[in-house]
Each structure stands twice: as structure tokens, then as C-alpha cells.
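Take a look at the letters that make up each chain.
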Amino acid sequence: MEMLNFAFMQRALIAVLVIGLVSSIASFFVILRRLAFIGAGISHSAFGGIALGLVLGINPLGTAGIFGVLVAVFVAWLSRRGAVYEDTAIGIFFSGAMAFGIALLSLGKGYYGDAMSYLFGNVLAVSTTDLWILALTGSVVLAFLLSYFRALLCLSFNEECAKASGLPVNFLYYGLMISLALTVVVAAKTVGVVLASALLVVPGATGFQFSKDYKVILVVSVVSSLISALSGLWLSYQFGLASGASIVLVATLIFFLAFLFSPKRDGVFR
Amino acid sequence: MTILRGKEIEVYFGSKLVLKKVGFSVLEGELAAIIGANGAGKTTLLRVLSGIIKPSKGEVLFFDKPIKNVDLKQLAYLPQKSNFDAQFPLRVFDMVQLGWGTKGIFGRNGYRETKNVGWALEQVGLEGFEKRFFTELSGGQQQLVLLAKTLYAKPRLIFLDEPTTGLDPLARKRFYDLLVSLRERLGLTILIVSHDQEAVLEVASKLLVLDEGKIVYDGQPVAPGLWNKTSASLPQGGD
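Residue numbers (numbering that gives the first Met the number 0), protein chains in the order written: chain A, 0 to 269; chain B, 0 to 238.
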């Protein structure tokens, strides 16, 4: 583990562990509630906030967080009102927010090479400040998802049942959407906003290959996500690969293995 | 004793008036059926009565208390089958508890919870199903598990929205027989919305017929079609 002799690798390790843990639990609800497209939409929308931060010269993770949360809340509000279909709202904001980001960068006077690291991730460039932001944001997301886990489970099964049981369904729904947006912020520096959507989908999808019991699914999601994060970081260091890409590729490989040898059904090779 | 009373309930969806001054009452221990054509407002009425949506006007009283002040454990709601995921990844034990007790990630499986789940499953004839996967059950068994879920907190009144949709005739008959038995054994009050008119009329002790958001019949169950002829002489509820 000579790679851990370097301070930037130590920060990278903490960053991938945080994103691995946070995204795996968020991903469980993304798959359960079939929110994969929302995850992709929110993650791409965050680029608008990143560009704003770069142009204004402030930490882009902060502006990405605010931007992502606003988009998530607005999409949720529109779809709950039934004014616009959820996927239509996402399709509009996804492209609109990215276009806003690109337009801002093209108008700005400086050179924004850092934008690429937020688009595709560069875990080696995680600063101590970034790490604090990740830890704080990740803690907020984990605190919400774990404190309200059973309530979110009930909401995911049937909103009317949840409401009839006295659960605060609006708070839970908006809280979940905001958690997804904040998870993207956690992932932005590590894997980039383009690939962040993969981490909101793949670990949960892997877990769902293993069992019909949510407890097993959750544990498999977390374990597979942490394995992807650690081995992706190691591959990135050993072979000079882009960190985000290697983490997502390992996660995707684990998913395919789980799919092929799924104990839930007769796998392809059975 | 009147357990549930609807007073002048009106519900607007946008500018559309879906329920028009609906008023009625249900006595404790009754099995009341709400029937009517598609779009008559049956499900909306059930959602208002169970506190899921607030009426635009009027009020719902449970033992003469506004429903918003009632301990929700006294009421339980079984949604339409089309509104839940039959592939939801839970074991029966967790499904029966879902929504009641929201602490912890993996739920509680102490003595009290195990006893309550066992009791609820026993009431619907599914003893020993605790460890089975919800996804592996037949449509009829899933519906019984959800009925057990409504019984878990030992409510006094349950609301059932089209509970027999998608079930074969035999499973439907068993379900209705079970409702009669639950009513007798537990003294439960049941409000059921159903399209299954003939079957529900056989078991109901009270009938409410909705037509275009209005109650057009409120009284003893009568054969389909007869309420039009008799409703004029019957009082409209919600005294």
C-alpha cells in the first residue's frame, strides 16, 4: 500500500470511501423507486452550478450543491403538482442547466480547465477543503437516509399507505430528492457529474440481483460500492486511469457478474 | 354508536367538483360498501375519510372528533392493488410492520413485534408466512398480507379500496368471507369501495351509492339497480 504514503492519495481514499458509502444507500432508493433518470438528470444539472462557482471564483462544490438542490426540488414540485410529467421536467432541466454551465464558461474571461475534473472527476485533486465539504454533505445525506429509512421504505411501497399511517410524505419525498442532489455533490470531485449518475444506479442495481429481501440488497449495495470505490482507486493509481472512469467500470463489472450469477433467478450460465 | 361521520364533504380537483356535499354516517361494527360507476368519486371519498386528502369543504368526524385529531393507529387503509409494487423486496414479516414503527434500518423483531405480526397473519389465515418473500406470493396472498398489515396496529376502522381487483372468483369469495369473519371476531368497522357489486352486497350491512360525486343511496343493501327506485324515500345521511 505504498500509494498511501502520499497525502493526496490519503485524501483520495477518504473521498472514495465517503462517496462509496453515501451513493450505495442513495442508490438503493433510486432503484426501489425507479428514479434512475432523475439521478442522471440531477447529476448533469449540477454542472450549471459548477460552472457558476468556477466563473465566480468560489468553491464549485458549494454552488453545485445549491444548484442541484434547487433543480431537484423544482423537478419534485412540478411532478407532484402533475403540471409536467417527471421525465419531461428532468429532460428540460438536465439540458437547460448544462447549457447554462457551458454558456457561462464560454462567456467567462479565464481558463477553466478545472471544469473537466468536475465533469469527469479527478480524485487525486481532492483538497482538504473539498474533503471537509464531502464529509459534511455526506454526513447530512446519511443522517437523513438512515434516520428515515423505514419511513422512506414505506413511502416507496405506497404513498397513500404512508400518508394514512401519518408519515410526513412531502418532507420525505423532498428530503429524498435533496439527498440525491447532495450525493451528486459528494461524487462530483471524485467521479465527475457525468459519471455520478452511475453511482446513483449501479450499486443498488447490483444489490437487487442478489435477493428479494431489502436487508440483503442494502448490504450488497454498500459492499459492492465500497469494493468498486477502493479497487477503482487502486486501478487508477496503478495504471494511470481516470479515477472516476475506473471506479464506475469496476462497479459495472460487478453488476454484470451479479446479473450473470444472480441467485434470485436462473442466471445466463445456469 | 356512530364511528364515522362525513359532513357536507366537497372536494375540488382544480376547478372540477369531484364530491358534492357528501354526508353520511357509519355505525361501529358495520361493513359499509361504497359503490358507483367509474369516476363517481368513490376512491376520492375513501381518501378523504381516511385522512389521506383534505376535503375542500366539510369535515370527517371519528367518534365525533375531527379526523385530524385522531390517533391514526385507530384507522388503517388498504390501497388499490394497481398502486403498489408486487415486486417490492420485503419479507412478509417486514411488510406487515411497514409504516408502523419507523425506527431503525432493519426494523424491530422483538417479542412484541413478533407477537403482533403473528397475530395479524393469523387473523387472515396466513400463519407461518413471516419469512416468505412478498414477491413470491400469489396475488390473493399478497392482498391478505396487506390486509394483515392494516390489522397490525389493531385499528377500529379499516378502509379498503377495490381489494379484490385482479383476484379470481374463488379468491374474491374467500376475501369477502374473511371480511365478514373479521367484523364478527374483532368487532371491526369496515368501509369498502368495490366494483364487485353483487359480491359486496352479499356481505355489506350498509350501502352507499355514489353517482357523479353525490350520494344517491344511503341505506340497507338492495339489489343492483333498485337504489334508484328506493332512494327517494330514504333519508340522505350526514345528519
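Mixed in with the good hints, there may be bad ones.
Stated by the list, open to error - As a list, the in silico DSBU-like pairs of lysine-lysine whose alpha-carbon atoms are at most 35 Å apart:
no., chain 1, residue 1, chain 2, residue 2
1, B, K80, A, K211
2, A, K211, B, K172
3, B, K114, A, K214
What the hints contain is simulated information worked out from the structure, not anything from laboratory work.
Pair hint K80(B) and K211(A), alpha-carbon separation not exceeding 35 Å:
holds, 19 Å
Taking 35 Å as the top limit, are the C-alpha atoms of K114(B) and K214(A) close enough?
holds, 21 Å
For the pair we were handed, K211(A) and K172(B), check the Cα-Cα distance against 35 Å.
Holds, at about 30 Å.
Hint violations for this structure: none, all hints satisfied.
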